[in-house]
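Note that the protein sequences, when read in sequence, are chains A and B.
Each residue of the first sequence is one higher than the last, beginning at 1 in this note's numbering.
Each residue of the second sequence is one higher than the last, beginning at 1 in this note's numbering.
There could be a bad hint or two in this list.
Copies of one chain are not kept apart here, so a pair can be met inside one copy or by any two copies together.
Computed cross-link-like contacts, DSSO-like style, restricted to lysine-lysine with a CA-CA straight-line distance of at most 30 Å [to be verified]:
1) K178 - K260
2) K270 - K137
3) K190 - K121
4) K321 - K2
5) K260 - K281
6) K314 - K265
7) K93 - K124
8) K124 - K196
These aren't lab readings, by the way, just hints derived from the structure by calculation.
There are 2 protein chains.
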Amino acid sequence: MKVAFDVMGSDYGSLPAIAAALQVVNEFKNVNIVLVGDEAQIKGNLQTLLKNKPMPSSLTIKGTTQVITMNDGPLAGIRMTNSSMSQAIQLVKKNEVDGILTSGSTAAYLGTCHFLLGEIKGIKRPAFMPIMPTLIKDQQVVLLDVGANIENTVDDLISFALMAHIYCQTIQSIFRPKIGLLNIGTEENKGPEVTKATYAKLKALTQSNGKLSFLNFHGNIEPRNVLSGEVDIIICDGYSGNIVLKSVEGMASLLFTLIKNGYKKNIFTKFVGLLSLGIFKNIKTTFDYKNTGGAQLIGINGIAFKAHGSSDKKSYYSTLKLLIRAIEQDVTNKITKQIEALS
Amino acid sequence: MKVAFDVMGSDYGSLPAIAAALQVVNEFKNVNIVLVGDEAQIKGNLQTLLKNKPMPSSLTIKGTTQVITMNDGPLAGIRMTNSSMSQAIQLVKKNEVDGILTSGSTAAYLGTCHFLLGEIKGIKRPAFMPIMPTLIKDQQVVLLDVGANIENTVDDLISFALMAHIYCQTIQSIFRPKIGLLNIGTEENKGPEVTKATYAKLKALTQSNGKLSFLNFHGNIEPRNVLSGEVDIIICDGYSGNIVLKSVEGMASLLFTLIKNGYKKNIFTKFVGLLSLGIFKNIKTTFDYKNTGGAQLIGINGIAFKAHGSSDKKSYYSTLKLLIRAIEQDVTNKITKQIEALS
Numbered sequence: 001m002k003v004a005f006d007v008m009g010s011d012y013g014s015l016p017a018i019a020a021a022l023q024v025v026n027e028f029k030n031v032n033i034v035l036v037g038d039e040a041q042i043k044g045n046l047q048t049l050l051k052n053k054p055m056p057s058s059l060t061i062k063g064t065t066q067v068i069t070m071n072d073g074p075l076a077g078i079r080m081t082n083s084s085m086s087q088a089i090q091l092v093k094k095n096e097v098d099g100i101l102t103s104g105s106t107a108a109y110l111g112t113c114h115f116l117l118g119e120i121k122g123i124k125r126p127a128f129m130p131i132m133p134t135l136i137k138d139q140q141v142v143l144l145d146v147g148a149n150i151e152n153t154v155d156d157l158i159s160f161a162l163m164a165h166i167y168c169q170t171i172q173s174i175f176r177p178k179i180g181l182l183n184i185g186t187e188e189n190k191g192p193e194v195t196k197a198t199y200a201k202l203k204a205l206t207q208s209n210g211k212l213s214f215l216n217f218h219g220n221i222e223p224r225n226v227l228s229g230e231v232d233i234i235i236c237d238g239y240s241g242n243i244v245l246k247s248v249e250g251m252a253s254l255l256f257t258l259i260k261n262g263y264k265k266n267i268f269t270k271f272v273g274l275l276s277l278g279i280f281k282n283i284k285t286t287f288d289y290k291n292t293g294g295a296q297l298i299g300i301n302g303i304a305f306k307a308h309g310s311s312d313k314k315s316y317y318s319t320l321k322l323l324i325r326a327i328e329q330d331v332t333n334k335i336t337k338q339i340e341a342l343s
Numbered sequence: 001m002k003v004a005f006d007v008m009g010s011d012y013g014s015l016p017a018i019a020a021a022l023q024v025v026n027e028f029k030n031v032n033i034v035l036v037g038d039e040a041q042i043k044g045n046l047q048t049l050l051k052n053k054p055m056p057s058s059l060t061i062k063g064t065t066q067v068i069t070m071n072d073g074p075l076a077g078i079r080m081t082n083s084s085m086s087q088a089i090q091l092v093k094k095n096e097v098d099g100i101l102t103s104g105s106t107a108a109y110l111g112t113c114h115f116l117l118g119e120i121k122g123i124k125r126p127a128f129m130p131i132m133p134t135l136i137k138d139q140q141v142v143l144l145d146v147g148a149n150i151e152n153t154v155d156d157l158i159s160f161a162l163m164a165h166i167y168c169q170t171i172q173s174i175f176r177p178k179i180g181l182l183n184i185g186t187e188e189n190k191g192p193e194v195t196k197a198t199y200a201k202l203k204a205l206t207q208s209n210g211k212l213s214f215l216n217f218h219g220n221i222e223p224r225n226v227l228s229g230e231v232d233i234i235i236c237d238g239y240s241g242n243i244v245l246k247s248v249e250g251m252a253s254l255l256f257t258l259i260k261n262g263y264k265k266n267i268f269t270k271f272v273g274l275l276s277l278g279i280f281k282n283i284k285t286t287f288d289y290k291n292t293g294g295a296q297l298i299g300i301n302g303i304a305f306k307a308h309g310s311s312d313k314k315s316y317y318s319t320l321k322l323l324i325r326a327i328e329q330d331v332t333n334k335i336t337k338q339i340e341a342l343s
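Isolated chain A (complex conformation) (with noise of 0.2 Å):
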């Protein structure tokens, strides 16, 4: 199995990134890493990683010129051909590597994944798929999209409904994955008129004994709810999904950090939060979202993730971990099957 990682997208350099993919080769002996990006930079960072060890050969440096900023629109990656984002896509095209992973430009990594690899046939509009912790201890909850759209039509959300429940099966293993409409209600009548007509479709769907009568839907599911562990999939425009996911991590940040401040106060606090360490680790190791990772830009034609430009060793370890299953599961081949038998 050969990934490419295109480790010129972080906030922070390509420090985090090569250490992470180190850490990666080391533990999984049949993963290759490609390490696209400015090979001058990338040396002198595997020199500082690896002091005097020698670098493992599942490791390969792809070096390049260019560098798309975060600040890039969509077809930066199609004018800098020779960019580390670009380069990394162009080994997925021409199958020399069987996924990718960046923390690059959203936009720009879209409109290269588009124009390079194309959407699933069927599939009009890829979207972005986290896979979140949930209140019930090793379930887990699929949401999407929650950021490659803005707006989504009815059309959209019945086939993210569908690369989901088919993730689902497959991957996770679960036979009838429930499905979730992010909605301001649980009402049938409540939220905006694409939200309204996709319950409509969605039930009417579920009640016929049309091809997709197999979709699972358990009607709206609230913000609040999100991580209740409710559904396994939770459906919504790109927008909404985003203001969602970004929500409930700024929430969970936020409070770890009231905790940490509160248990500094003193000696005695210091020595309580000693002894609650065990409690706590649980807990942060399940919802900080530098374990959970980034996401899968499902819908495309190959294996592709995001993680945040943020990211530090542990997100980019966790994300690289679910781009290897998800290439082990072979899940977009399983996407494009399914869809194709059904049209």
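Assemble the complex: chain A is given as a structure, and chain B must be docked to it using the hints.
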């Protein structure tokens, strides 16, 4: 000072509402509360709460015969003129009370307030405006709209900024409150069309020599930074605002639940939990949305507040305190006069 309290709108019956009213009149000697709703039910619950003590003279009952349910639409209050919600709003209209609190159907509340009280001159759309805690001690942020509207125009959003500016200046004594615009990125060119146009207009207004140049626009605020304390005001359309509000509430309650469960595990963790109580009490008091209370329906001709349908005694108590403060500060008249002076 006299307030009308529609006690029939709760998901859990009128007992928690009446208990909160009792606590408030006992604490605030200048406050009179009219409990509006089913007379027999209110009397029964008062008896339960008061046992053999006499009913405080600052509490009165306004008996009504109809109840608006959570599923009732915008015309319910106009149709059911003897409903507790409609009667409570009529008391404001007749100047018999200084303000109103309900936790009933949002749609019916909006419709009835619009019909009976109307909007402040110059304001097309009222907004729900909760006052939220931030990471910075004793600093709050107002967020509007969080659900009075689904979609909003650029002009709506500018009027939200203006009302919140006057609110923060007069009530919170902030000379030039910082205004943020909720968006999925900090860049000017991010997000939906309405948001981009609002950014451009607010920027132009702030930089102009025009009437609204006192507005202190600070750019986009991402959902993860809503509670960071960067700005005093965050404006957004009602749909996005509702998603943010419910997402952060949901995440806070989820984390508090997990922490509580963690401490319950065994004797040792229970003991550590006891020692940690002091640390959590502060955080929970600040970020438990039962304490921050409901939201003012700002832009309406009158002082109208709304609490969650799922409010308990603590939530109602907090919201009543917010309502009392708004009446003391004469907030609606101040907004009305300043908007008049600008036009």
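Note to self: Run through the hints listed earlier and report the numbers of any the structure violates, in increasing order.
What the structure shows: none
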